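Guided by the hints, dock chains B and C onto chain A, whose structure is given.
If you read the protein sequences in the order shown, they are chains A, B and C.
Mind the numbering: the first sequence is residues 124 to 521 in the working numbering, read in order.
Mind the numbering: the second sequence is residues 3 to 153 in the working numbering, read in order.
Mind the numbering: the third sequence is residues 967 to 1248 in the working numbering, read in order.
What the hints contain is simulated information worked out from the structure, not anything from laboratory work.
Predicted model, so just to flag it, every value in this text is computed and none were measured.
Here are the simulated BS3-like pairs of lysine-lysine, each with C-alpha atoms no more than 25 Å apart in a straight line:
hint	chain 1	residue 1	chain 2	residue 2
1	A	LYS430	A	LYS236
2	A	LYS349	A	LYS160
3	C	LYS1005	C	LYS1059
4	C	LYS1059	C	LYS1006
5	A	LYS430	C	LYS1005
6	C	LYS1005	A	LYS240
7	C	LYS1128	C	LYS1059
8	C	LYS1059	A	LYS238
9	C	LYS1005	A	LYS238
10	C	LYS1006	A	LYS240
11	B	LYS71	B	LYS39
12	B	LYS19	B	LYS131
13	A	LYS236	C	LYS1006
14	B	LYS19	C	LYS1172
15	A	LYS240	C	LYS1059
16	B	LYS71	B	LYS40
17	C	LYS1059	A	LYS236
18	A	LYS236	C	LYS1005
19	C	LYS1059	A	LYS430
20	C	LYS1006	A	LYS238
21	A	LYS238	A	LYS430
22	A	LYS240	A	LYS430
Here are the simulated distance ranges between beta carbons:
hint	chain 1	residue 1	chain 2	residue 2	range
23	B	TYR127	C	PHE1242	36 to 42 Å
24	C	GLY1053	A	PRO225	30 to 36 Å
25	C	ASN1173	B	ALA69	45 to 51 Å
Ideal Cβ placement from N, Cα and C applies to all residues, glycine included.
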Amino acid sequence: MEASAQQEEKPVAVEGGLRTGMINATEMQRLIDVLRKEGYQVLGPLLRDGAIVYDEVEAAGDLPAGWMDEQEGGVYHLKRRDDDALFGFAVGPHSWKRYLFPPMRRLWQAERKGKGKFRVIPEEETPQRRAFLGVRACELAAIAIQDRIFMQGPYVDPVYAARRQNTVIVAVNCGHAAATCFCASMDTGPQVRQGFDLALTEIVDAERHVFLVETGTETGAALLAKLEARPATNDDLAEARRIVERTAESMQRSLDTTDVHDLLLGNLDHPRWDEVADRCLACTNCTMVCPTCFCSTVEDLTDLSGKTAERVQLWDSCFSMQYSYIHGGSVRMSGMARYRQWLTHKLASWIDQFGTSGCVGCGRCITWCPVGIDLTEEVRAIRATAPPAPALEDESEY
Amino acid sequence: MTVQSITQSLAELRFFKDMPREHLEMLAGCASPVAFKKGEFLLLVGHEATHFVAIREGMVALEMEAANKITTLQTIGEGSIVGWSWLVPPYTWHYDARAATPVSAIQFDARCVRDLCESNPAFGYDVLKHFSHVIVERLMNTRIQLADMYH
Amino acid sequence: MFMTNGQVAARPMTPVVGRIRRRRRETQDTFTLEIELEKKRRFSFAPGQFNMLYVFGVGEVPISISGDPAESDVVRHTTREVGVVTGAMRGLKEGDYLGIRGPFGSAWPVEEAEGRDVVVIAGGIGLAPLRPVLYHLMDHRERYNRVTILYGARTPEDILYKQELGRWSARLDVEVFATVDRATRTWHGNVGVITTLIPRAPFDPKNALAMVCGPEIMMHFCVRELHRRGVTSDRIFVSMERNMQCAIGLCGHCQYGPHFVCKDGPVFRFDQIEEFFSVREF
Chain A
124 MEASAQQEEK
134 PVAVEGGLRT
144 GMINATEMQR
154 LIDVLRKEGY
164 QVLGPLLRDG
174 AIVYDEVEAA
184 GDLPAGWMDE
194 QEGGVYHLKR
204 RDDDALFGFA
214 VGPHSWKRYL
224 FPPMRRLWQA
234 ERKGKGKFRV
244 IPEEETPQRR
254 AFLGVRACEL
264 AAIAIQDRIF
274 MQGPYVDPVY
284 AARRQNTVIV
294 AVNCGHAAAT
304 CFCASMDTGP
314 QVRQGFDLAL
324 TEIVDAERHV
334 FLVETGTETG
344 AALLAKLEAR
354 PATNDDLAEA
364 RRIVERTAES
374 MQRSLDTTDV
384 HDLLLGNLDH
394 PRWDEVADRC
404 LACTNCTMVC
414 PTCFCSTVED
424 LTDLSGKTAE
434 RVQLWDSCFS
444 MQYSYIHGGS
454 VRMSGMARYR
464 QWLTHKLASW
474 IDQFGTSGCV
484 GCGRCITWCP
494 VGIDLTEEVR
504 AIRATAPPAP
514 ALEDESEY
Chain B
3 MTVQSITQSL
13 AELRFFKDMP
23 REHLEMLAGC
33 ASPVAFKKGE
43 FLLLVGHEAT
53 HFVAIREGMV
63 ALEMEAANKI
73 TTLQTIGEGS
83 IVGWSWLVPP
93 YTWHYDARAA
103 TPVSAIQFDA
113 RCVRDLCESN
123 PAFGYDVLKH
133 FSHVIVERLM
143 NTRIQLADMY
153 H
Chain C
967 MFMTNGQVAA
977 RPMTPVVGRI
987 RRRRRETQDT
997 FTLEIELEKK
1007 RRFSFAPGQF
1017 NMLYVFGVGE
1027 VPISISGDPA
1037 ESDVVRHTTR
1047 EVGVVTGAMR
1057 GLKEGDYLGI
1067 RGPFGSAWPV
1077 EEAEGRDVVV
1087 IAGGIGLAPL
1097 RPVLYHLMDH
1107 RERYNRVTIL
1117 YGARTPEDIL
1127 YKQELGRWSA
1137 RLDVEVFATV
1147 DRATRTWHGN
1157 VGVITTLIPR
1167 APFDPKNALA
1177 MVCGPEIMMH
1187 FCVRELHRRG
1197 VTSDRIFVSM
1207 ERNMQCAIGL
1217 CGHCQYGPHF
1227 VCKDGPVFRF
1237 DQIEEFFSVR
1247 EF
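This is chain A alone, in the form it adopts within the complex (with noise of 0.2 Å):
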């Protein structure tokens, strides 16, 4: 994975195979079938209850052929394109972290061996390779922060290490943006930049239907190779790129991040965060959709004999009451304070802990909010009042 990081810009030839191509929007289903010969399990876009999820895909026929999304702040909503469009959508309410870091899990057993006794049995996991068909710019950004977070600090998280590792990672440019979406503010996206093995742009109108294959990896060169592919001309190349840019300039909101970290800690009193805590209903929707959230919490479970025990590890959610409780009650009590705890951290002390803000720009937080929240605005709001300076402390009060 680390290879991918030196993408570089210009197409040239590699060892192997091409460094760009273009295929037919019929070769998607080869690239399935060929990624599904080498073991990998495909897990791409699909329509499930009125939302375009991602899952395991087993033909293109699975993908959302002429389907996109509609969003604004508590709204979501499908409809149909006047093309054929595989990926012409933006971003749905699952994200692949579920896939690198899984809602639950096991992480341990326990036996019982005799009176007050026991032995731990840890948990061995063979990773599935898996083969993510259809990451956004903000989402390889948003895995490049789940991996700093889960394995390059002082402890790595074994399973997502190894989930990880056995992971391709298929790109796709966006040929549309959502109106939450606001990539472009958050330097993410939409252009993918680096972290894929495959890159897709999707070109699509009353001539052709067809992909831009751009790779990043000696693993995406190889499966390039396999494809019924045709060298990318300069033409094809400028067209993928006005693709990208129109939809840059097509996106509607932005989050200015102009020290954006001291703006918030600064002002840990500021008034907004109780305005938005009349309105946020702590419901943790804004956690489980986000690509980067991390928290999880662990249940400790025994079966009804008391001979054995596990733990398993769930997502967990800053905005529970649960989250804070020490000893003696939860340490964030209000809603304020807990909406307070989840923005700072993601904008601010979030460069602190792994330097880089926790925000990609995906706007899956505003759209499934059930009141419409916006990040974006509570930020504005909070620079557009915010005091010059915060006060000294008063040490002396009684």
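Only chains B and C this time, still in chain A's reference frame:
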């Protein structure tokens, strides 16, 4: 003890740190050395606050009797003051103060100090500032106790 | 650095098993467990670090290590019964087993304190995470200037480690001051909150290093008194408490601004957290 030697003793106590020599001498004029045996009362609740005490050595316990039980509210050690009710009408003690150990102290005549305060506002303000500190500290300590923070 | 227990690095989320060798009641609601690891595994730690202790089928809690850092055949934990897991732990008997992961977290600055006046300030059960420091100070007394222990407890009955405190206070080279929040006449020591001990404690503020552990509110007031005496924030160390589940900085619960209390703490130099210390619900 002479006024000079009492002044010197006062200057060595933490409570009087930062008080100008001139004010210490005025206080010393109202003061005399005193010793309490262990168990002896320095002040009694409800009694007129005719004096106050600066502890040079030993420990004094502020006590309150409630529900047939005597509770120690706070102990006061060397360098500190026992008694501030002499400063505020109606000049009566709020608690008992008992010598928890043998105590060596300097006792002040409250009326004498109050008269000096009235006639010399600069001295009066200085005394008030020092005693405000004691009052605030006792209030703070009571509030922290109320928090029952180890529970 | 302290992971002699190779298990921690490879499987940071999986406990090893230990046997309770001895169990001792300290006060009405506190007790100390002496645990031997399975297969005579050695255990070493730095003062201030903690372990995650697991009671079979009930759950896991972070507990500071309160033993002597010089001994490696036994792990000692003093804890207070405050919830379901510590309640179940209290019910364990000698010979019973529990799960252990650790040691985790940052340490008290025992090396940085060398050559200085050392002021150890503990409130309530907060003496437990500081006891390893005290063992270390006593063992290497010559490396330190004046050593002062200030300890506050709720009542005389709640005073932890009475015998050891007595032993230390009998030493001529250590000053021990204890106080309780409430008492009757049968108690002959100080009565009053722990902050009252700070103004008269024998240390030079310019040279002193303070280590403070207790409830957050207690540390708040103690830091204020230390500041008043002129001890600066870079010479004050506190041990923070937040919800800790994974203990390796991955589960997110213990966040405190930019810090993960489990991995960047629990011991912080006060100036690292000062800006957040008075923020409510942070």
